[in-house]
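**Student:** Go by the hints and put chain B onto chain A.
Next come the chains, spelled out residue by residue.
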Amino acid sequence: MTTTVNRTDLEVVPVAAVGGGWPHELRAIGIVWQRDMVRVLADPTRLVSSLLQPLLFLFILGAGLTAAVRGGTGGADFKTFLFPGVLITGILFTAVFSAISIVWDREFGFLREMLVAPISSSSIVIGKCLGGATIATVQSVLIIALAGTVHVPYGFTLLIGLLGIVFVTSFTMTAVGLVMAARVKSVQTLMPMVNMLLMPLTFMSGSLYPLGPQAPRWLDIIARYNPLSYAVTSARTLVVDQLAADDPTRLLFHPLTWLGWPVPAWLDLIVVAGIGVVLLSIACLMFARTE
Amino acid sequence: MARTKPPGAGKASAVSVRGLEKRYGPIEAVRGIDLDVEPGEVFGFLGPNGAGKSTTIKMLCTLVAPTAGSAQVAGLDVVTQRTAVRRHIGLVFQETTLDEYLTAEQNLKFHAAIYGMPRRAVGPRVEAVLELVGLADRKTSAVRTYSGGMKRRLEIARGLLHSPRVLFLDEPTIGLDPDSRQVLWRYVDELRRREDITVFLTTHYMDEAERCDRIAIINHGTIVALGTPAELKADVGHDRVRIVTADNAGSAKKIASKLGVEAAPDGDGLLVNVPNGEGFVPKLFDIGISVQSVSVARPSLDDVFMAHAGRRIGDEEAAAAPRHWMRAMNR
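Sequences listed follow chains A and B, in order.
Going by this note's numbering, the first residue of the first sequence is number 1, and it counts up by one from there.
Going by this note's numbering, the first residue of the second sequence is number 1, and it counts up by one from there.
So that you can see chain B by itself, here it is in the shape it has in the complex:
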């Protein structure tokens, strides 16, 4: 199920980053990162606030110039080919950047003009992207009458309008209710199916990171983990197998002696940490333990994040502290 190789591996990278650094005075926001995102991939970029996530995205989008290192997006250099990069990327920011007094269609036509789309292509393409995000029937309504979820979908449609090679989504679902988040992800999946596009996104939600082909975790300006969600979870460790038996104490001894793993008491049952939970369960029956119930829990991406970033994702108060620490260190 898990793909070790990113899709389309072997083709030129959609995003290629070498030794990228950004310093703001004494503060090292990004400290030399390397990264390759393959064409067609949905790539998740995770990290606590202040870890260098936004700065990295801004450098890739040519909004901020790197202090050192290089980055190529769609095969174009973000410093020397700035305008060309901009033409080939789509951007959806955390905050809305729509003109709420214009209609959806007017917003899109404005975008088409400033991105220099061929005039004849504009009309059909506007229809197509509105169709994709399910807003075709509302195209003549002023955007201020839209809900938060609809606005975000319109922004994604606009980000796609000029057929970018790479679509950057910065926290695309932040501030949306769970239903709207689901809907939005359906569109991203649909998009992946229909358009030849690479999606580079940041998120705070672990269930969203789960849906990416690969993810990178950035902390203190460096990439601390990179791989498929399954690989990263496997690296962190072990499945948790919880069993309830007729004689817990006896079973624990038996497991220790015959299988060589420790079973810790956990309420009315036992907890065992093993690399492969599903493979472990039949062995319990082999050694003659009378199991009444069993459950296997895999490590979550939250555990992965915890292991690499030292805190739960979205833990904002904790996230603020290391920033002060970093500043103090640099003084």
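Isolated chain A, as found in the complex:
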């Protein structure tokens, strides 16, 4: 089995020497991730065009709302309040669409090349999830760079913290996309489904308006069951903490509460990460079973 015949023209790699196990699976995860990076770099317009929506929300919707609510907010810049919400919602589509590329791979046959390899299908799914999270995080850097223009002070811990929250959130949202991609086999069906899911999640997350006592009670309750609310709230906690003590924007912010107990930002983030891990595990199981 391990004999290799001497050949004149080609150097032959003795396949028996190839290792398996964890290092091999990690390498597979790495190359699946790397492929997503190569493809984004080959087509950077995708990254840039997906910036349009957050910029419209922040500077157009934000400017309009700032003017409209000025009286009620004691002169707060609503854009400052909006910034963390826009940051989180801006990555949703990037993350989910990145997962959906696996449906294209299935359609064009490349998924088969990956699935017949001597690796676990989970490595493919995990690589895809990390790829989606990375692309979305890179995209968010461009939005984070604009923080100063909406009176969010630049600070090292704030920027690192926001990047971390963005990465965890986009990881979870990519996992959402992977679960959908495992079940739905056609891109045409999947696109409207993504819209049907992401639009309500966005609007019921408190990303574009304050939750808590300033929101209708029913909306405040629904938001507590929306994973995205936790992502937005944790990012907003970080931003508000950096503001001056008398900044009126502080008055617009309220943490989420569980039976009256205000949930700390770190726990918000754990909720998001936990949901992501559970969804990713489900996606791995689904791919192992059906493909």
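No lab work stands behind these hints: they were computed from the structure.
From the three backbone atoms N, C-alpha and C, an ideal C-beta is built for every residue, glycine too.
Check the hints yourself; a few may be wrong.
Derived Cβ-Cβ restraints for the label pairs, each shown as a range [stated by the list, open to error]:
id: 1; chain 1: B; residue 1: Val79; chain 2: A; residue 2: Gly21; range: 17 to 23 Å
id: 2; chain 1: A; residue 1: Tyr154; chain 2: B; residue 2: Ile174; range: 42 to 48 Å
id: 3; chain 1: B; residue 1: Glu100; chain 2: A; residue 2: Gly21; range: 28 to 34 Å
id: 4; chain 1: B; residue 1: Ala65; chain 2: A; residue 2: Thr189; range: 58 to 64 Å
id: 5; chain 1: B; residue 1: Asp34; chain 2: A; residue 2: Thr189; range: 42 to 48 Å
id: 6; chain 1: A; residue 1: Trp104; chain 2: B; residue 2: Pro178; range: 28 to 34 Å
id: 7; chain 1: B; residue 1: Asp179; chain 2: A; residue 2: Gly274; range: 44 to 50 Å
id: 8; chain 1: A; residue 1: Gly21; chain 2: B; residue 2: Arg186; range: 37 to 43 Å
id: 9; chain 1: A; residue 1: Thr189; chain 2: B; residue 2: Asp207; range: 28 to 34 Å
id: 10; chain 1: A; residue 1: Val48; chain 2: B; residue 2: Arg119; range: 56 to 62 Å
id: 11; chain 1: B; residue 1: Glu100; chain 2: A; residue 2: Val48; range: 32 to 38 Å
id: 12; chain 1: B; residue 1: Thr145; chain 2: A; residue 2: Met193; range: 47 to 53 Å
List of simulated lysine-lysine pairs, DSSO-like, C-alpha gap at most 27 Å [unchecked claim]:
id: 13; chain 1: B; residue 1: Lys283; chain 2: B; residue 2: Lys258
id: 14; chain 1: A; residue 1: Lys185; chain 2: B; residue 2: Lys151
id: 15; chain 1: B; residue 1: Lys283; chain 2: B; residue 2: Lys253
id: 16; chain 1: B; residue 1: Lys58; chain 2: A; residue 2: Lys185
id: 17; chain 1: B; residue 1: Lys283; chain 2: B; residue 2: Lys254
id: 18; chain 1: B; residue 1: Lys283; chain 2: B; residue 2: Lys233
**Tutor:** What follows is chain B alone, placed relative to chain A:
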């Protein structure tokens, strides 16, 4: 010329199949087949659509689990040593499975990583396989700029990259123009010369089956014929000798009485079916027949296929019918 013994006979089999079965509900796709493919052989697997060809290949490649029986590829069990089998086989499917937005080189490097090739070996090996299929000068082009023939060659290169023991080619030339088919076969021959590899292929083309060391014909889930192309043709029968003589009717009588074979009228000549056409022709001169022209035709593999599968290969409409029949039978 014909090898009765497969090359490398006596060594452990590259593919060894015993009583392999696959049922999909009531449908018996594969009904207990036995098969041995020797190392270094180019083995052709033929059969009409729905005969169990693809199901058998999928079981050998560990993509589908058998219902009963066992199969070993490169000495490894396809059920209990699934991952190890996968590491030692190369697969080229009917449909392309390339990432068309990556370059040829990127596709190959991706493959090297998911097959866990030693990192240092990847670079030289990528160069070598691209060289083998004549794509070295196009390695940095995106695959979407390739022609159909080039894509297929790249897939073969990729199938070889991790030095598999057995290369499975499922209809490797389907959808290619005759020129590309010729080129592809040149590479397969080259491959056989340069790499210590067994090739297991399915095909619809009889001229391609002709180039295999041995072929098996599968029909209704069982193997109905197995041997070298020459052996199978000899089994089916007879060479056709066609002669034109000055007096056909007289010659026919003479052949019947002196040689004991029947010569049937065929246009302006006579047609004789004999086991050995070349040996028969001198006898005509021995008995004093004035032959004006003579031609000897051997049975083709198409005739072999016809005899065993009951229809011409590639006759898709005819191929669909027995499937319905099989389903009806199983209900």
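**Student:** Each hint needs a verdict: does it hold in this structure or not?
**Tutor:** To see whether the hints hold, each was checked on the structure:
no.: 1; hint: B/Val79 / A/Gly21: 17 to 23 Å; result: holds (20 Å)
no.: 2; hint: A/Tyr154 / B/Ile174: 42 to 48 Å; result: violated (60 Å)
no.: 3; hint: B/Glu100 / A/Gly21: 28 to 34 Å; result: holds (32 Å)
no.: 4; hint: B/Ala65 / A/Thr189: 58 to 64 Å; result: violated (30 Å)
no.: 5; hint: B/Asp34 / A/Thr189: 42 to 48 Å; result: holds (44 Å)
no.: 6; hint: A/Trp104 / B/Pro178: 28 to 34 Å; result: holds (32 Å)
no.: 7; hint: B/Asp179 / A/Gly274: 44 to 50 Å; result: violated (58 Å)
no.: 8; hint: A/Gly21 / B/Arg186: 37 to 43 Å; result: holds (39 Å)
no.: 9; hint: A/Thr189 / B/Asp207: 28 to 34 Å; result: violated (43 Å)
no.: 10; hint: A/Val48 / B/Arg119: 56 to 62 Å; result: violated (34 Å)
no.: 11; hint: B/Glu100 / A/Val48: 32 to 38 Å; result: violated (23 Å)
no.: 12; hint: B/Thr145 / A/Met193: 47 to 53 Å; result: violated (33 Å)
no.: 13; hint: B/Lys283 / B/Lys258; result: holds (10 Å)
no.: 14; hint: A/Lys185 / B/Lys151; result: holds (25 Å)
no.: 15; hint: B/Lys283 / B/Lys253; result: holds (15 Å)
no.: 16; hint: B/Lys58 / A/Lys185; result: holds (22 Å)
no.: 17; hint: B/Lys283 / B/Lys254; result: holds (12 Å)
no.: 18; hint: B/Lys283 / B/Lys233; result: holds (23 Å)
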